[in-house]
Amino acid sequence: MAYRANILISSEAPGADAVQAAFLSKVQDLQLEDEVQVLATTALMGAATQGIEALVYPEGTRYVNLTPADAATIVEEHLYKGRPVQRLAYVEPKVTPLPPPNTKEVRVVLGNVGKINPFDIEDYIAEDGYMALAKVLTEMTPDQVVEEMKKSGLRGRGGAGFPAYMKWTLARNSPNKPKFLICNGDEGDPGAFMNRSVLEGDPHSVIEGMAIAAYVVGAEQGYFYVRAEYPIAIRTLRVAIEQAREYGFLGQNIFGSGFNFDLEIRMGAGAFVCGEETALMRSIEGKRGMPSTRPPFPAASGLWGKPSNINNVETYANTAKILLKGGEWFSSVGTEKSKGTKTFAIAGKVKRTGLIEVPLGLTLREVVYDVGGGILNDKKFKAVQTGGPMGGCIPEQFLDMPVDYESLASVGSIMGSGGFVIMDEDTCMVDIARFFMDFVQDESCGKCVPCRVGTRRMLEILNDICEGRGQPGDIERLEELGKSIMRGSLCGLGQGAPNPVLSTIKYFRHEYEAHIYEKKCPAKVCRALIEYKVNPETCIGCTRCARNCPVNAISGKPKEAHYIDPSICIRCGICSQVCPVNAISVE
Amino acid sequence: MNELALQAIIQHYRTSEEGLVEILREASRQAGYLTPEHLAFIAKALHLPQSQVHSVASFYSLISLKPLGRHVVRFCQDAPCHVVGGRAVWEAVQAALGIGVGETTPDGRWSLLTTSCIGACSVGPVMMVDDDIHGNLTPESVRDILARYDKIGGAA
Ligand SMILES: Cc1cc2nc3c(=O)[nH]c(=O)nc-3n(C[C@H](O)[C@H](O)[C@H](O)COP(=O)(O)O)c2cc1C
Ligand code: FES
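Residue numbers (the working numbering), protein chains in the order written: chain A, 1 to 587; chain B, 1001 to 1156.
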């Protein structure tokens, strides 16, 4: 059923559910529910968040900083009476894209995100959508496409940064048939949500890229593997595929060229390892997502043993633009070996969290300070974790390093899919390493013994260190275990799992040592190693801390200095939050 | 869930091995969790050995083989959310529900699970209640959010 209008709400902003509920209830009040669709989406959010936003289509009016009362007004005025509410509107849409929050941003992959209506293929077509596919199918041979991709220098955006044209050529030259094309939309790295925004905000760009790759490879069937945790992305994609079929961009004899290609969506079921390409293909086949040894690579033997090409969402999303504007256009941005722009998800202790897209080669400092706005509350930068759970922590001394595949690798981290977690002086590096280890330990599929047993052992040691039971020799044990896990594991998960620990040991060894030898947590995070104390000079004896303490660890008479019994205290920190005179400190 | 509903899910996804992961996930979502009878029914419909169906079901975290409460809270336990204050919120959620991870309240209303990153890190700490994502959580805000769904019993 076609709706007359769509309302898209930025579901992540605080309070957005109330605004969405207000939209819905007003739509129902006015009996517009068959005509107007209210959808929550996360794609509107960039680093430049304007409170709760809504986009109303077909006009594309962008409303910002909304309250539930505004929502009702918009439904009544705009959707019922047909008069957009100028007071709440941001700018005339369609002509003005989302303003880049910072001049250092360059939006290629995110160019259409938040600007076009992802549920209307006409919007994508208006932005030159499917022109590249038309050009490729009617004017270019697969070899010419490969040549252009080679010129562009585009490298895979999902992990190791393998050149896209090479992968396509391998699958193309593989003799076996049929061939399959796969898009990896599993995006499991904690802290990464770039692919989701593209799928939710500009799904056709990925579909078009896949069709072009399929033409090169010689595949007629493609699969989107998307994690089930992204229901909005899946819904958007489903509509987009349907519309692309209606318009003849998918299906038989596309653009009268004799080329056939169609797409299906497959959902994951909550297993991180399924982002690994061989595990992913097993999951599509309906099996347990266990990785297997490579070679054979997917290009030779992939899905059901047939030649398969798998790329990340962002790799495909770049493809159509490259073929439309030329390989040289793309390679004019970036560094010598890392071309183009890259999307990153910025999370952690920066002022502006969210999604950004910048030319590769920008320095870490520019990303953290110029684009991310600097550290929250103007605290001190401590480290940035890149590359997800198989990546590493990069300390301050490398802030002026360019962000590209080789530079990140040279300091013991990886590009990965593009998650940046920024940490300040209040973050404990041992605690963080423990968190990442907990993650990989949990997600190890269990096939390789070093990965299964070794990660558990490393986690136990890290738990001991954080809980005050660290022993001399623990650091060395962690290093040895880490190396043997890397050597003895089949897939990238085990090979990279020790990275967060090894890189924090390398750059923050003193923090590990403080935990083990001095039984102190320098960042005052690890509870077993800190103590809450009342400063008797400052305490006014208001009794508020004692009344709020959940375990009755605080004693003292009214108007006299209070005392916290460290043997009872559970270090919840409530006392220091309720103290009116800041008399309680952490040591 | 009755056989008719299960049959509809199987029809919607494919009636072959290929559909298995998606069928199990969707059935688990709708039914709350899968019983041995559900697994047997699916195995028969797809002409697969029961052992294979069970082995696939036990691999994926979104497929539950254990009864869950009427509402399921999945708290994000990954580093980006942790860095921005996740621990205090996590404790507040446990206190509000009066249960720990993997547990269900005695009245059957709530189950508490953890999830890995759901891609909402820019508004962390984050939790999912049933299908809804809630971000920018504080220890103070979680009780109100949970109470919107159902009665909560734990300590204030
Ligand atoms: C444990 C593990 C998880 C992975 N997760 C993802 C993922 O979520 N998304 C992704 O695109 N690639 C992921 N990869 C990398 C893929 O195996 C593969 O290299 C990638 O999809 C290739 O696409 P690209 O060449 O376009 O980068 C993962 C690898 C490993 C070892
Ligand atoms: S880490 Fe919690 S949503 Fe990403």
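Keep in mind that the hints were calculated from the coordinates and are not lab data.
Be aware that one or more of the hints could be misleading.
Derived DSBU-like pairs (lysine-lysine); straight-line CA-CA distance at most 30 Å [what the hints assert, rightly or not]: (1) A/Lys447 to B/Lys1066; (2) A/Lys287 to B/Lys1044; (3) A/Lys306 to B/Lys1044; (4) A/Lys447 to A/Lys287; (5) B/Lys1066 to A/Lys287; (6) A/Lys150 to A/Lys135; (7) A/Lys379 to A/Lys287; (8) A/Lys380 to A/Lys287; (9) B/Lys1044 to A/Lys447.
So which hints don't hold here, by number, going up? 7 and 8
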